[in-house]
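Colleague: Numbering of the sequence shown is given in our numbering, commencing with residue 1 and proceeding in unit increments.
I should point out that these hints are in silico values taken from the structure, not numbers from a laboratory.
Bear in mind the structure is a predicted one, so any value in this text is a computation, not a measurement.
Be careful, since some hints might not be right.
To be verified - Label pairs and their calculated CB-CB ranges:
| id | residue 1 | residue 2 | range |
| --- | --- | --- | --- |
| 1 | 95 | 39 | 31 to 39 Å |
| 2 | 21 | 76 | 17 to 25 Å |
| 3 | 91 | 39 | 27 to 35 Å |
| 4 | 76 | 102 | 19 to 27 Å |
Quick reminder that beta carbons are idealized off the backbone N, C-alpha and C, glycines included.
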Amino acid sequence: MQHDRNIGAGRDGRCELCGRAVPELTRHHLIPRARHGKRRTQRRFAREEMRAHILWVCRPCHKHVHAVCSETSLEARYNTRERLLEHPDIRRFIEWIRSKPAGYLPRTYSKKG
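Work the whole structure out from these sequences, hints included.
Modeller: In structure tokens, the structure reads:
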């Protein structure tokens with residue numbers, strides 16, 4: 001069985017956005033991999049910076065980030081943990097999901113912008 005490099009235990013088993021302890025975390029690239037080949041992105045960020053800047057997040061947080069932000073806006077505006085937490089929809093979601101048990105999987109609706 002092949003191990004998915006984008007799923008792991010993360011730093012301490014806690015989501016870096018909501019802080020919940022969960023059995024599996026997913027790797028969120030702060031600069032989306034789909035944007036790494038774009039000239040604009042290559043001018044703004046070094047290759048190692050693009051590859052190294054990741055967060056380990058739970059599936060619900062990861063899905064929500066991608067549901068509310070386009071890859072372009074993630075690259076341009078929300079490319080740090082602090083900036084993600086400033087996004088009103090993400091902040092509201094994180095405040096809500098913190099009270100849910102580790103295995104809870106909410107529905108996610110697309111509101112990209």
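Colleague: Look at each hint and say if it fits the structure.
Modeller: These are the hints, each one checked on the structure:
no.: 1; hint: 95 x 39: 31 to 39 Å; result: 38 Å, holds
no.: 2; hint: 21 x 76: 17 to 25 Å; result: 32 Å, violated
no.: 3; hint: 91 x 39: 27 to 35 Å; result: 32 Å, holds
no.: 4; hint: 76 x 102: 19 to 27 Å; result: 32 Å, violated
The structure fails hints 2, 4 (numbered hints given earlier, in ascending order).
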